[in-house]
Amino acid sequence: MFPAQDLDNTVKRIKQGDQLAREDFLESYKPFIFKAACKFCKRGLDWGRDDELAIALIAFNEAIDRYREDSGVPFLAFARLVIVSRLKDYFRRENRADAEGLSLEADRQNNLECARSWEAYLEEEASREREEEIKEYEVLLSSYGVTFEDLVKCSPRHRSTRLSLLHAAQELANSNQLLNELKTKKKLPLIDLEKITGVSRKTLERGRKYIIAMALLISKREEYLYLSSYLILPSPAEKGVPEK
Amino acid sequence: MMKERGMVVKVKSNSCIVLTPEGEYREVPLTEGSRARVGQEIQIPQRKTIPYFRFLMVAASLLAVVVLAGQFFPLAPPAAAYLTIDINPSVELGVTASEKVVSARGLNPDGERILAKVTVKGLKLSDAVDRIVSQAVTDQFLNDIDENIILATLTVEENQEPLVALDTVYEAIEKPVRYSGILAEIIIEPVTPKMREDAAKTGLSTGKFLVLKKSGEKGVPVSVDEVGGSSLGSLEKTKKISIIELLKENGINAAERSVEAEKNANSRKERSGIYYDGRKKATGSVTFTEGKTIKAEAKQEKDKEKDKDKGKKETPGRSDEKNRDNPRNVPGNNGNNKNDKDKNNKDRNDYDRNDQDRKNNKKMNGNKEDKENNNHKNNDGNNKDKSDNWKNNQNDNDGDNNRDRPGENESWSRQRAELTGNKLTGNSRDVLRVPLRWQLELPGINLNPQK
Chain A
9 MFPAQDLDNT VKRIKQGDQL AREDFLESYK PFIFKAACKF CKRGLDWGRD
59 DELAIALIAF NEAIDRYRED SGVPFLAFAR LVIVSRLKDY FRRENRADAE
109 GLSLEADRQN NLECARSWEA YLEEEASRER EEEIKEYEVL LSSYGVTFED
159 LVKCSPRHRS TRLSLLHAAQ ELANSNQLLN ELKTKKKLPL IDLEKITGVS
209 RKTLERGRKY IIAMALLISK REEYLYLSSY LILPSPAEKG VPEK
Chain B
188 MMKERGMVVK VKSNSCIVLT PEGEYREVPL TEGSRARVGQ EIQIPQRKTI
238 PYFRFLMVAA SLLAVVVLAG QFFPLAPPAA AYLTIDINPS VELGVTASEK
288 VVSARGLNPD GERILAKVTV KGLKLSDAVD RIVSQAVTDQ FLNDIDENII
338 LATLTVEENQ EPLVALDTVY EAIEKPVRYS GILAEIIIEP VTPKMREDAA
388 KTGLSTGKFL VLKKSGEKGV PVSVDEVGGS SLGSLEKTKK ISIIELLKEN
438 GINAAERSVE AEKNANSRKE RSGIYYDGRK KATGSVTFTE GKTIKAEAKQ
488 EKDKEKDKDK GKKETPGRSD EKNRDNPRNV PGNNGNNKND KDKNNKDRND
538 YDRNDQDRKN NKKMNGNKED KENNNHKNND GNNKDKSDNW KNNQNDNDGD
588 NNRDRPGENE SWSRQRAELT GNKLTGNSRD VLRVPLRWQL ELPGINLNPQ
638 K
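Top to bottom, those sequences are chains A and B.
First residue of the first sequence? That's 9 in my numbering, and the numbers climb one at a time after it.
First residue of the second sequence? That's 188 in my numbering, and the numbers climb one at a time after it.
Hints listed in this document are in silico derivations from the structure and should not be mistaken for laboratory results.
Keep in mind that a hint or two might mislead.
As the list claims (entries may be wrong) - DEER-style ranges, computed between Cβ atoms:
{"id": "1", "chain 1": "B", "residue 1": "231", "chain 2": "A", "residue 2": "140", "range": "20 to 28 Å"}
{"id": "2", "chain 1": "B", "residue 1": "230", "chain 2": "A", "residue 2": "191", "range": "32 to 40 Å"}
{"id": "3", "chain 1": "A", "residue 1": "66", "chain 2": "B", "residue 2": "199", "range": "51 to 59 Å"}
{"id": "4", "chain 1": "B", "residue 1": "245", "chain 2": "A", "residue 2": "200", "range": "17 to 25 Å"}
{"id": "5", "chain 1": "B", "residue 1": "208", "chain 2": "A", "residue 2": "140", "range": "37 to 45 Å"}
{"id": "6", "chain 1": "B", "residue 1": "239", "chain 2": "A", "residue 2": "29", "range": "35 to 43 Å"}
All C-beta atoms in this analysis are idealised placements derived from N, C-alpha and C, irrespective of residue type, glycine included.
Working from the sequences, and respecting the hints, build out all of it.
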């Protein structure tokens with residue numbers, strides 16, 4: 009369901025030298041790279057025409073090699089950071105090349121030092137992004153009348169209940185029709201959910217806000233990279249046990 | 188249990204909300220000094236058990252508070268009346284309206300010692316008194332050799348019935364004394380709460396204070412130390428006074444202005460307190476076992492009682508005649524017919540007759556001057572007769588009555604005989620010297636004869 013865990017495994021395999029997987033991986037994440045680059049450049053780009061996209065692709069490839077699982081940053085977020093910073097480098101170089109010409113070589117001199125500070129920068133950047141992301145998420149939730157305090161109150165304590173609610177949230181996020189209904193009416197289509205998941209109406213109603221929050225998070229998982237990849241969601245096989 | 192981690196999604200003043208990888212939102216208290224930043228991953232302190240622990244702590248402290256409060260502020264209501272007992276150990280019991288003992292206080296060292304041995308708090312008053320007197324017997328405060336006087340006082344609010352009937356108190360004192368075979372004089376005296384306060388000022392028990400006061404009125408010089416330091420029995424001996432006589436005087440002047448005040452004193456007096464000279468009674472009834480304590484006076488009484496018994500048998504007709512005479516003085520009295528009927532139904536209850544006799548006597552009071560004397564005598568006789576009946580019943584219970592036991596049927600005729608006897612002899616002193624005994628009609632007594 010969530011790519012986060014699979015992604016980590018894939019990245020690990022690529023690192024170990026699976027070139028074929030790397031090709032596939034790069035190919036499948038071109039849309040992501042495209043999105044990230046467009047967002048940074050604040051304009052529409054085109055494959056094969058703009059250098060920025062090529063640089064972003066190289067950066068993404070670099071991110072695979074540089075990524076460390078223990079950093080606490082999800083891979084996609086890390087990759088995006090790398091892409092953005094490389095694009096920044098690129099723009100800076102363009103401007104400087106116009107002005108000074110040869111300064112590029114001097115920068116390469118203290119490569120080691122540069123790399124270390126660059127990592128520190130990435131880390132800082134990552135936490136800043138994460139914070140921003142969470143705040144954005146909070147704003148999004150508040151538009152549905154949900155606060156984190158509410159979620160504390162209604163997030164189910166029991167694993168089985170939580171799983172069935174998460175299952176409901178996934179179903180909701182995967183169904184465009186239901187998701188649209190939620191977005192327009194700002195209300196949960198409880199009856200439909202009950203039909204789909206088999207979870208009792210009462211349980212759904214009690215965890216109403218929780219389902220909304222989770223469904224929003226899942227449906228916008230590419231926006232909320234940090235949050236969504238932080239969650240270890242049940243695989244579709246491990247469906248929530250319908251509560252009796 | 189492994190430590191959980193969570194991502195901080197919101198920071199509040201002293202707690203933060205985290206999202207766990209399992210998708211659970213939790214509010215986690217922030218420890219002092221550690222500052223969480225949104226997006227940071229923190230360890231969630233284990234607090235699964237803490238709520239229960241806290242709950243237990245709260246429950247335990249509440250329990251402790253309740254228990255402690257219960258100790259310091261007992262829920263028992265304040266004492267509504269106080270009963271003091273002076274044997275020599277003087278004790279004071281606080282009694283609630285429901286006759287429960289709520290406080291017990293030794294008024295002298297002996298009293299404290301006795302209270303240390305017996306627990307009386309929470310008991311019924313009669314049980315508590317029983318225990319104290321029994322303990323006093325066990326500890327030889329009451330014994331065969333000394334003059335035993337048990338003086339009890341009960342505080343009674345003015346114009347009110349005593350909270351605890353005096354006769355229950357009397358029975359509670361009398362029972363253990365009787366079982367132990369000890370001869371004792373039992374006095375129960377109602378006092379006003381003010382009296383108790385005055386007594387408390389002098390440091391004496393209310394009973395002893397009463398003795399002190401009365402002896403002062405009588406002109407017998409008794410000091411506080413003498414009263415407080417010795418038992419009433421020894422006081423009686425050294426001062427050559429009778430405490431019973433002393434206390435009986437209480438309130439008499441106001442109650443009885445008649446010339447026959449002295450004669451009436453006995454019957455009237457019993458309306459304010461209970462005076463039971465058990466020493467005399469005992470000598471009268473169990474002569475041979477207690478030979479050494481026989482008093483000349485007691486013997487006389489016994490003889491006199493025998494005479495009376497004789498008189499009863501000899502003069503039944505006369506007593507009937509007398510009985511008929513009385514109602515004739517009050518024409519139209521309903522009791523007239525009834526008395527005649529009673530003559531035939533001798534197994535009827537004595538009380539009715541006694542009451543009627545008294546009624547008749549009262550009405551007769553207003554009649555002839557020369558009859559008044561007799562009436563009073565009759566009155567005395569009635570009362571005495573009742574007490575005789577009572578005593579006989581008592582003796583029946585004891586099973587040690589060696590005299591002829593007049594049955595219920597006989598008692599009525601006995602009463603008549605007595606009346607006649609009195610009339611015949613005209614010796615009122617004889618009547619007075621008959622030991623005064625417990626009366627069965629006490630609940631109706633007027634406790635404030637001064638009113």
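Can the suggested window of 17 to 25 Å be confirmed for the beta-carbon pair residue 245 (chain B) and residue 200 (chain A)?
Check failed, 45 Å falls outside 17 to 25 Å.
Look at the Cβ atoms of residue 230 (chain B) and residue 191 (chain A) and judge whether their distance stays inside 32 to 40 Å.
holds (36 Å)
Can you tell me whether the CB distance of residue 208 (chain B) to residue 140 (chain A) sits inside 37 to 45 Å?
violated (21 Å)
Range hint compliance [Cβ, residue 231 (chain B) to residue 140 (chain A), 20 to 28 Å]:
holds (23 Å)
Verdict for residue 66 (chain A), residue 199 (chain B) (Cβ pair) under range 51 to 59 Å:
Given range 51 to 59 Å: violated, Cβ gap about 43 Å.
Consistency of beta-carbon spacing, residue 29 (chain A) to residue 239 (chain B), with hint 35 to 43 Å:
violated (50 Å)
Against the hints set out earlier in the document, violations occur for numbers 3, 4, 5, 6.
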